[in-house]
Amino acid sequence: MKKGKIVLVPFPFTDLKGSKIRPAIILVNKESDIILAFISTQLNWTEKSDILLEPSSINGLKKTSVLRLSKIVTLHKNLILGEIGELDAKLRKTLNDNLMYLFKLK
1 MKKGKIVLVP FPFTDLKGSK IRPAIILVNK ESDIILAFIS TQLNWTEKSD ILLEPSSING
61 LKKTSVLRLS KIVTLHKNLI LGEIGELDAK LRKTLNDNLM YLFKLK
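Sequential numbering from 1 applies to the sequence shown in our numbering.
The hints are simulated quantities; they were obtained by calculation from the structure and are not laboratory data.
There's no promise every hint is true.
Taking lysine-lysine pairs in the DSBU-like style, the calculated list, with each CA pair at most 30 Å apart, reads [unchecked claim]: (1) Lys48 / Lys63; (2) Lys48 / Lys77; (3) Lys93 / Lys62; (4) Lys106 / Lys17; (5) Lys93 / Lys17; (6) Lys62 / Lys48.
If you anchor each label on the Cβ, the simulated ranges turn out as follows [what the hints assert, rightly or not]: (7) Ile84 / Asp33: 14 to 22 Å; (8) Val28 / Lys106: 14 to 22 Å; (9) Thr46 / Asp15: 19 to 27 Å; (10) Ser32 / Thr64: 17 to 25 Å.
Ideal Cβ placement from N, Cα and C applies to all residues, glycine included.
Using the sequences and the accompanying hints, generate a full structural model.
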């Protein structure tokens with residue numbers, strides 16, 4: 001699985017007291033782990049680094065959602081429950097630009 005793929009995973013809550021199955025974007029695919037950013041339908045939580053995602057046949061999302069780049073987690077690959085889609089080329093560029101902004105790399 002490559003960067004920009006949208007997968008379903010049990011995403012941990014920030015207090016680590018549970019998790020919720022939700023879509024997430026693969027940011028880095030390592031040997032046994034993946035680094036992901038979660039996708040939420042809570043549109044009122046947006047930050048400057050977030051990306052609005054409209055449902056499409058390419059991304060497989062059912063509702064307008066927000067890619068929350070500030071909500072990142074590393075999980076073992078065996079926790080991936082399935083792949084639902086991917087970002088198109090324009091959104092992959094936006095993803096890269098927003099990661100550069102978030103981590104103050106430009």
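Hints, verified against the model:
Note on Lys48 and Lys63: the hinted pairing holds, with a Cα-Cα distance of about 21 Å set against a maximum of 30 Å. The suggested pairing of Lys48 with Lys77 holds, with an alpha-carbon distance near 29 Å, which does not exceed 30 Å. Restraint check: the Cα-Cα separation between Lys93 and Lys62 comes to about 22 Å, which is no more than 30 Å; the hinted pair holds. Our distance criterion of 30 Å between C-alpha atoms is broken by Lys106 and Lys17, whose separation comes to about 35 Å.
For the suggested pair Lys93 and Lys17, the alpha carbons sit about 34 Å apart, so the restraint of at most 30 Å is broken. Restraint check for Lys62 and Lys48: the C-alpha separation of about 23 Å stays at or below 30 Å, so the hint holds. For the pair Ile84 and Asp33, the supplied restraint of 14 to 22 Å holds, since their beta-carbon distance comes to about 20 Å. Between Val28 and Lys106 the beta carbons are some 19 Å apart, a value that agrees with the proposed interval 14 to 22 Å.
Taking 19 to 27 Å as the suggested C-beta distance range, the pair Thr46 and Asp15 conforms, at roughly 21 Å. For the pair Ser32 and Thr64, the beta carbons lie near 33 Å from each other, so the given range of 17 to 25 Å is not met.
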